[in-house]
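From just these sequences and the hints, can you work out the full model?
Protein chains in written order, with the numbering used here: chain S, 1 to 135; chain U, 1 to 417.
Just so you know, the hints here were simulated from the structure itself, not pulled from any lab data. Some clues are possibly wrong.
Stated by the list, open to error - Here are the simulated lysine-lysine pairs, BS3-like style, with alpha carbons at most 27 Å apart: (1) K76/U to K326/U; (2) K92/U to K74/S; (3) K76/U to K335/U; (4) K27/U to K7/S; (5) K183/U to K408/U; (6) K61/S to K170/U; (7) K61/S to K257/U; (8) K87/S to K257/U; (9) K199/U to K269/U; (10) K412/U to K309/U; (11) K74/S to K61/S; (12) K7/S to K120/S; (13) K278/U to K183/U; (14) K92/U to K75/S; (15) K78/S to K45/U; (16) K183/U to K199/U; (17) K309/U to K326/U; (18) K28/U to K7/S; (19) K371/U to K269/U; (20) K28/U to K87/S; (21) K74/S to K45/U; (22) K61/S to K45/U; (23) K75/S to K45/U; (24) K269/U to K183/U; (25) K74/S to K60/U; (26) K87/S to K170/U; (27) K212/U to K199/U; (28) K120/S to K74/S; (29) K199/U to K87/S; (30) K60/U to K75/S; (31) K87/S to K27/U; (32) K343/U to K309/U; (33) K28/U to K60/U; (34) K199/U to K61/S; (35) K257/U to K170/U.
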Amino acid sequence: MTSFHVKKVVRGIVEAQLLVNPGSFSFLGDIDLENAEIIVRTSPNRGTSIAGKILVIEDSKGSSGGALVLQTLKKIGKAPAAIVTVKAADFNLTEAAILYAVPYASHLNINDFRALENGKTACLDLERNLLILRD
Amino acid sequence: MLNGKYGEDAAIAIDYIIQLGEAFDAKKLVDIVYCHYPAEMSIYKGNVEDGCDFAATGAKIRISTTSSTLAVDVEKPGITEAPQALIDLQQKVVDAHRSMGILETYTCTPQHLGFIPPFGSYTALVESSAIIYYNSVLGVRTNRGGLLTRYSAVCGKYPLMGYLLDDNRKGTHLFNVNIADEKMQTSDAWSALGFHIGKIAGSEVPVINGIKTFNQEFLLSFGATLATSGSVTLFHLIGVTPEAPSLQQAFQGAKPKETHVVEWTDLEKVYQEQNTLKQGDPVDFVTLGCPHYTLPQLQLTAEKLKGKKIAEGVRFWICTNRMTRKQAEYSGFVKTIEQSGAKVVADTCPVESHMRQSTCREFGLEVPNIKAMVCNSGKMLRYVGDLIGCKVALTDFDACIASAISGKLVQKLNISK
Chain S
1 MTSFHVKKVV
11 RGIVEAQLLV
21 NPGSFSFLGD
31 IDLENAEIIV
41 RTSPNRGTSI
51 AGKILVIEDS
61 KGSSGGALVL
71 QTLKKIGKAP
81 AAIVTVKAAD
91 FNLTEAAILY
101 AVPYASHLNI
111 NDFRALENGK
121 TACLDLERNL
131 LILRD
Chain U
1 MLNGKYGEDA
11 AIAIDYIIQL
21 GEAFDAKKLV
31 DIVYCHYPAE
41 MSIYKGNVED
51 GCDFAATGAK
61 IRISTTSSTL
71 AVDVEKPGIT
81 EAPQALIDLQ
91 QKVVDAHRSM
101 GILETYTCTP
111 QHLGFIPPFG
121 SYTALVESSA
131 IIYYNSVLGV
141 RTNRGGLLTR
151 YSAVCGKYPL
161 MGYLLDDNRK
171 GTHLFNVNIA
181 DEKMQTSDAW
191 SALGFHIGKI
201 AGSEVPVING
211 IKTFNQEFLL
221 SFGATLATSG
231 SVTLFHLIGV
241 TPEAPSLQQA
251 FQGAKPKETH
261 VVEWTDLEKV
271 YQEQNTLKQG
281 DPVDFVTLGC
291 PHYTLPQLQL
301 TAEKLKGKKI
311 AEGVRFWICT
321 NRMTRKQAEY
331 SGFVKTIEQS
341 GAKVVADTCP
351 VESHMRQSTC
361 REFGLEVPNI
371 KAMVCNSGKM
381 LRYVGDLIGC
391 KVALTDFDAC
401 IASAISGKLV
411 QKLNISK
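Now the structure itself:
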């Protein structure tokens, strides 16, 4: 069983499919607000929904509007199961993740990030600060 | 507090604030003395309902708390031509705020209403142009608040982190401004300076040397634009702002990471690159009051508009908060302004209103709702293009008035074409 170290930002333990999206990600503008699909042209995951997935990104861009997007996704039942980033946590997104109980981890090693595969099932355990791959 | 001794609302609130502190490795929580709360806006789906649901839980604020701008002028709903459904929805937050104990200021500039805690106080605020003014000009400490700000108001606590800590308040980037004082005697010039410096400074702490002003409106425009072209939360102006009597003190003895020289040509570039209108182009909207206008600014606007008429087809909004508008009504300024055809709008502003493209589409209004706007604010300049979808020009106060009267863009005099 392979596991990777992360740093807890917002508490929680969740098991779900990974959605690994390279580069910097903006909740405001990069996601469709009705079906939670990634709409930004530059993403290899364009057309894939983040709903119920562990969304793994390198960095989140810091627009405060991103918090309102997470709020909207939560209200329509299409929020991601968790968020994992390589870079440090985004302040406004953290506030939304706390409020809507979306587990959130930062400081995933960039080489570990590159080793992750889309669609694999993983457990994000933020009591132990681990991202654990299943099978 | 966590065990419910001070009420269930305080227990829930402090749990969120503890989590926030843990996320950013804060060592402890501190008492805050003031909170500026993000009023729920009817242009965001579910936002008003969320605020009303929260109020319905019986939650009460425990420290002095004001509220930020709305999408509608709730006091004079007819004045902005907002759809009735948006007005009705927006009015629901007023009762919600009253039941929680939030003061209904609905403004981006609560500092001009007397909410001025002592130097060094800890607070939790939203609204980037207020945040940067409190931090920089008043020395009142706050981070850029988000969705958890209301819980800070309920429990009266905030994690000791970010700009509450001395170490994060030291200057990082030095900007030596080499511009004659007489060119910096208007709000738009300070806006342009903020636009230029903000782009370079990003989320760092710029220190500005070589130029001074003690004009609160210039400092307000400057900060608001620094916080929009970059995400600056704190600046130091040598010899003016309280944590910067000297360069040494502004940098807390450290060396600047970067040093830049700013010339008048850098500011001219802001006008040339950001303006999408040319001298003489027809305009259908003029905005003053971003951030919200102060009483002396309304006084000056009334003097300039006395006996004048706004051109046919031009909407001219002078935005402020409801208390300042009340004072301006006592003094006769509002009547004079309205006689010209202009409007003194409270609680909101063009980019927070129904004139946003997404809201216009939802309500079947014309898109874009504005074709060409003239303003004297770098913050407005930055947002209207994307949010409203109109052309825009930054110019000075006198030229804004002249543009409204002629219906065509009058560019300010000291910008080379």
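### Query
Is K28/U within 27 Å of K87/S, Cα to Cα?
Holds, at about 24 Å.
#### Entry: Holds or violated: K74/S to K61/S, with C-alpha atoms at most 27 Å apart
19 Å, holds
### Restraint status (C-alpha distance of K371/U to K269/U at most 27 Å)
Distance of about 23 Å is within 27 Å: holds.
### Message
Check whether the Cα positions of K87/S and K257/U lie no farther apart than 27 Å.
### Response
Within the cut-off at roughly 22 Å; holds.
### Message
Please verify whether K78/S and K45/U have alpha carbons no more than 27 Å apart.
### Response
15 Å, holds
### Agreement of K309/U and K326/U with the hint, judged by alpha carbon distance not exceeding 27 Å
Given pair K309/U, K326/U holds - Cα atoms ~23 Å apart, limit 27 Å.
### Message
Hint check: K199/U vs K87/S, CA-CA at most 27 Å. Holds or violated?
### Response
Holds - the C-alpha atoms of K87/S and K199/U are around 22 Å apart, at most 27 Å.
### Query
Does K74/S lie within 27 Å of K120/S when you go C-alpha to C-alpha?
It holds: about 23 Å lies between the C-alpha atoms, which stays within 27 Å.
### Message
Check the hint pairing K28/U with K7/S against an upper bound of 27 Å on the C-alpha distance.
### Response
Distance ~19 Å between K28/U and K7/S Cα, so the pair holds.
### Query
Are the Cα positions of K87/S and K170/U separated by 27 Å at most?
23 Å, holds
### Message
Need the status of pair K343/U, K309/U: alpha-carbon distance at most 27 Å?
### Response
12 Å, holds
### Task
Starting from K60/U, check that the Cα of K75/S is at most 27 Å away, please.
24 Å, holds
In the structure shown, no violation is registered for any of the earlier numbered hints.
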